[in-house]
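Chemist: The primary structure of each chain is shown beneath.
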Amino acid sequence: MTPNQTDRIATQVINVLVLIVVLILMFLLGDIILNGFPHISWHFLTSPSSPFSAGGGIRDQLFNSLYLLILTLIISFPLALGSAIYLAEYAGNNWRTGLIRTAIEVLSSLPSVVVGLFGYLLFVIQFHLGFSILSGAIALTFFNLPLLVRSIEGSLHAVPDTQREAGMALGLSSWRTIRSIILPAALPGILTGIILSAGRVFGEAAALIYTAGQSAPILNYADWNPTDGSSFLNPMRPAETLAVHIWKVNTEGVTPDAISISAGASAVLIIVILLFNFGARAIGAHMYKKMTGGK
Amino acid sequence: MDEIQKKLTAPSKASREDVTGRIISYTCIAAIIILVISILYFITSRGIATFTTNHVSLWQFLSGKEWNPGTLNAKGQPQVGALPMIVTSFSVTILAALVATPFAIAVALFMTDIAPKNGAKFLQPVIELLVGIPSVVYGFIGLTVVVPFIRHLFGGTGSGILAGTIVLFVMVLPTITSLSVDALRAVPTYFRSASLALGATRFQTIYKVLLRAAMPRLLTAVIFGMARAFGEALAVQMVIGNAVLMPRNLVTPTSTLTSQLTTNIGNTIMGTLPNNALWSLALILLLMSLVFNLLIRCIGKRGEIKS
Amino acid sequence: MQTYDLSDTHIVTPPEEIALSTHQLQVYYGNNRQASMTDASLSFPRFQITALIGASGSGKSTYLRSLNRLNDRIARVQGEIMYRNTNINSPKINVYEVRKHIGMVFQKPNPFAKSISENITFALKAAGITDRRERHQRVETSLKEAALWDEVKDDLNKSALALSGGQQQRLCIARAIAMKPDILLLDEPASALDPISTTKLEVTLKALTQKYTIIIVTHNMQQASRISAYTAFFHLGHVTEYDQTEKIFQTPKIQATHDYVTGNFG
Ligand SMILES: Nc1ncnc2c1ncn2[C@@H]1O[C@H](COP(=O)(O)OP(=O)(O)OP(=O)(O)O)[C@@H](O)[C@H]1O
Ligand SMILES: [Mg+2]
Numbered sequence: 001m002t003p004n005q006t007d008r009i010a011t012q013v014i015n016v017l018v019l020i021v022v023l024i025l026m027f028l029l030g031d032i033i034l035n036g037f038p039h040i041s042w043h044f045l046t047s048p049s050s051p052f053s054a055g056g057g058i059r060d061q062l063f064n065s066l067y068l069l070i071l072t073l074i075i076s077f078p079l080a081l082g083s084a085i086y087l088a089e090y091a092g093n094n095w096r097t098g099l100i101r102t103a104i105e106v107l108s109s110l111p112s113v114v115v116g117l118f119g120y121l122l123f124v125i126q127f128h129l130g131f132s133i134l135s136g137a138i139a140l141t142f143f144n145l146p147l148l149v150r151s152i153e154g155s156l157h158a159v160p161d162t163q164r165e166a167g168m169a170l171g172l173s174s175w176r177t178i179r180s181i182i183l184p185a186a187l188p189g190i191l192t193g194i195i196l197s198a199g200r201v202f203g204e205a206a207a208l209i210y211t212a213g214q215s216a217p218i219l220n221y222a223d224w225n226p227t228d229g230s231s232f233l234n235p236m237r238p239a240e241t242l243a244v245h246i247w248k249v250n251t252e253g254v255t256p257d258a259i260s261i262s263a264g265a266s267a268v269l270i271i272v273i274l275l276f277n278f279g280a281r282a283i284g285a286h287m288y289k290k291m292t293g294g295k
Numbered sequence: 001m002d003e004i005q006k007k008l009t010a011p012s013k014a015s016r017e018d019v020t021g022r023i024i025s026y027t028c029i030a031a032i033i034i035l036v037i038s039i040l041y042f043i044t045s046r047g048i049a050t051f052t053t054n055h056v057s058l059w060q061f062l063s064g065k066e067w068n069p070g071t072l073n074a075k076g077q078p079q080v081g082a083l084p085m086i087v088t089s090f091s092v093t094i095l096a097a098l099v100a101t102p103f104a105i106a107v108a109l110f111m112t113d114i115a116p117k118n119g120a121k122f123l124q125p126v127i128e129l130l131v132g133i134p135s136v137v138y139g140f141i142g143l144t145v146v147v148p149f150i151r152h153l154f155g156g157t158g159s160g161i162l163a164g165t166i167v168l169f170v171m172v173l174p175t176i177t178s179l180s181v182d183a184l185r186a187v188p189t190y191f192r193s194a195s196l197a198l199g200a201t202r203f204q205t206i207y208k209v210l211l212r213a214a215m216p217r218l219l220t221a222v223i224f225g226m227a228r229a230f231g232e233a234l235a236v237q238m239v240i241g242n243a244v245l246m247p248r249n250l251v252t253p254t255s256t257l258t259s260q261l262t263t264n265i266g267n268t269i270m271g272t273l274p275n276n277a278l279w280s281l282a283l284i285l286l287l288m289s290l291v292f293n294l295l296i297r298c299i300g301k302r303g304e305i306k307s
Numbered sequence: 001m002q003t004y005d006l007s008d009t010h011i012v013t014p015p016e017e018i019a020l021s022t023h024q025l026q027v028y029y030g031n032n033r034q035a036s037m038t039d040a041s042l043s044f045p046r047f048q049i050t051a052l053i054g055a056s057g058s059g060k061s062t063y064l065r066s067l068n069r070l071n072d073r074i075a076r077v078q079g080e081i082m083y084r085n086t087n088i089n090s091p092k093i094n095v096y097e098v099r100k101h102i103g104m105v106f107q108k109p110n111p112f113a114k115s116i117s118e119n120i121t122f123a124l125k126a127a128g129i130t131d132r133r134e135r136h137q138r139v140e141t142s143l144k145e146a147a148l149w150d151e152v153k154d155d156l157n158k159s160a161l162a163l164s165g166g167q168q169q170r171l172c173i174a175r176a177i178a179m180k181p182d183i184l185l186l187d188e189p190a191s192a193l194d195p196i197s198t199t200k201l202e203v204t205l206k207a208l209t210q211k212y213t214i215i216i217v218t219h220n221m222q223q224a225s226r227i228s229a230y231t232a233f234f235h236l237g238h239v240t241e242y243d244q245t246e247k248i249f250q251t252p253k254i255q256a257t258h259d260y261v262t263g264n265f266g
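Protein chains in written order, with UniProt numbering: chain A, 1 to 295; chain B, 1 to 307; chain C, 1 to 266.
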């Protein structure tokens, strides 16, 4: 075979492989969309689930997912921000920083089951929080932190050093410079990172089945007192999320219409994550434009 | 004059602000460090209880094929042989990585070198989306599409290593692909132009120059994918069959470390052997993720020195 | 490159009142054993412009940035920096206070991603100037002093990033002088500017000597001779010659200086 023949064959092979991947992707998305969309209806989104009979909805699961996401971000964002500021602005180039980075990498490479089991061990059992939204949010925080730290640190690094020098040369403290100059400049990147991580958190299930639990008690959406047991805002109640719901109806095999519920729920999950993705991009681009005065 | 001198030596609002800032950010980072240490500590201390409290021998645990922690065998020893799950976990991981790697590298090459404009424009967002699809959705599709298909072809239940491999293949494909794209993009353009200028064909350039230069980072990409596959729980649990049996072929139900954990940890009582044995499985998962981490670091270091 | 005897130096102490001086300043970057700045001893006269010249890499920026402790994080700086009878290079010193008295303008304009007026008021607020009117007064005066007022007085709320490079640089100068510093350090402030903006900047600097002591790094020797009273020539991390500007350019005492100002260097 001449080199040119080899070249042509190799290119063909690559093209075929790419084609197969594209077909798989189209099949995947098509399967989710075609099977899922017909099941999405107002009724589906707004009625509670019914484990033992057909026709249940996903109202509470959807709300739980959102509530859990918000709680998770409330806990994880400040922590991640502080840590990222440490790494980007204060950390020296020494062994201690290396160790810290290693620790964060270890955390990010832990399987989410392990993180979930740790949350189960420590919070559900040791601290007697029980299966609760709070336990779930803490477990998701562990799962979310390393990614968030990394993305925020990246956004901080992307702000040129000349801005830090400008602040320093005016006699501003580093903290002031970071808070009022670096952070606003890094905001588009930080927001994008948060929203992308929100997508991951929204779809996570393995870390939740033994922390937030697998049951969705009846919620009272009119009760705004978070300390009431049945209030939808109560963070101490167990909360099955959408992703956990998909897993549960499929593995327990007691819900007659498990397949169509899962298909609909999967489609909802994907749509929400798509929205997060697009939202992240749009907000990032918009803020960047606004800050640089359109230049 | 004197007042300015005094100001120059006295702490001011700015210096106090800086102390605040340091305290805040040091506290956050300390919290993360404490968190990592406590995860390692708690999982390890639970995981070794099987060996310290229940006196199961490590060898028996790693090589035994009978998993039935609640009952004793003929010799009066508890049946906690984790080998079937270890074998299955490694099988699905390695098979999925083996299948996914050529596809991932082909797609990456397509995006960086064969059709950099249109290919990347179309494939990039799709791959990003696929990275973000939740694993339960992959598991659900595996359960409703892959398992019936295998059942149709080979009979039996359809669950097993093959189904697990297929699901994991699709799951790690975008991960490996996007990291491979980064790896290939990091190879400077003049590598390519130099090789092409010497009269090499595109394939020769890709094979002899590009892949070689990007090799350490491509390997890292594959290991990342394997780490994800090894730790994946729910998607695999939904299609693997969850019978703790030594896998005899690719289409009989079996169980991975993760699937066993998720299925049973809620059904056992803290502190008993069946529960401790499950924590030992979690410990294996933890240690393996450290191993993957270490591998990635070592390869990353090598790659740095070479370039 | 021709080698010159680095111990061959000629450094005067100006007879005028001295605003700032350094004694045997040494700078080591990172963990370097090799000093990037060796034994720099210079005195800067009050209300005058002093120019620092020298080839690229000779240590001008290194020296300048040490004067307001901007190198604290990246380098070890030894020796004394005397300001108002205080050694401001001692660890006890409040560096934030130092920087309020010794302002700096950089080679690349670095306005904040804020509006023009916020660029100036921001540091004022942080420095505890709570009176709004006072801040606005300072915005106006400093922009006037930096010769930018007429161009931007109607767009004070526009993003500073929308200004041209020259305007941005003058805004950075306005931002620095709004803090009412004593000394202004400028590191090649005109290198990114066109000739017209450069001339404007020079006029501005000249006018600023009424109230400020200025130390400026420049690669442009005409510029140095046009605006400065004293000039220091840096070579390989050493101060080789320091004297009145005319003397440096017309009758330098050291061979290296002579070769550099006549363009026969290297
Ligand atoms: N951040 C740094 N870390 C390490 N070395 C540095 C750093 N900044 C400068 N140097 C070194 O110090 C020496 C002097 O550099 P400096 O920037 O002071 O020169 P300069 O006279 O300002 O040059 P130029 O005219 O190009 O601005 C150079 O050898 C340079 O490599
Ligand atoms: Mg310089």
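Careful, some of the hints might be misleading.
Said to hold, decoys possible - In silico EDC-like cross-links for lysine to aspartate or glutamate, where the CA-CA straight-line distance does not exceed 16 Å: (1) C/125 <-> B/17; (2) C/158 <-> C/118; (3) C/108 <-> C/188; (4) C/211 <-> C/187; (5) B/208 <-> A/165; (6) C/108 <-> A/165; (7) B/208 <-> B/128; (8) C/153 <-> C/118; (9) C/211 <-> C/145; (10) B/7 <-> C/118; (11) C/144 <-> C/155; (12) C/253 <-> C/5; (13) C/200 <-> C/150; (14) C/108 <-> A/161; (15) C/144 <-> C/131.
Stated by the list, open to error - A short list of chain A residues far from chain C (calculated; beta carbon distances all over 10 Å): (16) 50; (17) 62; (18) 127; (19) 162; (20) 168.
What the hints assert, rightly or not - Quick look at which bits of chain C chain B covers, simulated, 3 or more residues with Cβ under 8 Å: (21) 78 to 89; (22) 95 to 105.
Derived from the structure by calculation, the hints contain no laboratory data.
Backbone N, C-alpha and C define an ideal beta-carbon position, used for all residues, glycine too.
Chemist: If a hint holds in the structure, say so; if it does not, say that too.
Modeler: Hint-by-hint comparison with the structure:
no., hint, verdict
1, C/125 <-> B/17, "holds (14 Å)"
2, C/158 <-> C/118, "holds (10 Å)"
3, C/108 <-> C/188, "holds (8 Å)"
4, C/211 <-> C/187, "violated (19 Å)"
5, B/208 <-> A/165, "violated (45 Å)"
6, C/108 <-> A/165, "holds (11 Å)"
7, B/208 <-> B/128, "violated (29 Å)"
8, C/153 <-> C/118, "holds (13 Å)"
9, C/211 <-> C/145, "holds (11 Å)"
10, B/7 <-> C/118, "violated (26 Å)"
11, C/144 <-> C/155, "holds (14 Å)"
12, C/253 <-> C/5, "holds (13 Å)"
13, C/200 <-> C/150, "holds (13 Å)"
14, C/108 <-> A/161, "holds (11 Å)"
15, C/144 <-> C/131, "violated (20 Å)"
16, 50, "holds (53 Å)"
17, 62, "holds (38 Å)"
18, 127, "holds (41 Å)"
19, 162, "violated (4 Å)"
20, 168, "violated (6 Å)"
21, 78 to 89, "holds (count 5)"
22, 95 to 105, "holds (count 4)"
When the structure is compared with the earlier hints, violations turn up for hints 4, 5, 7, 10, 15, 19, 20 and for no others.
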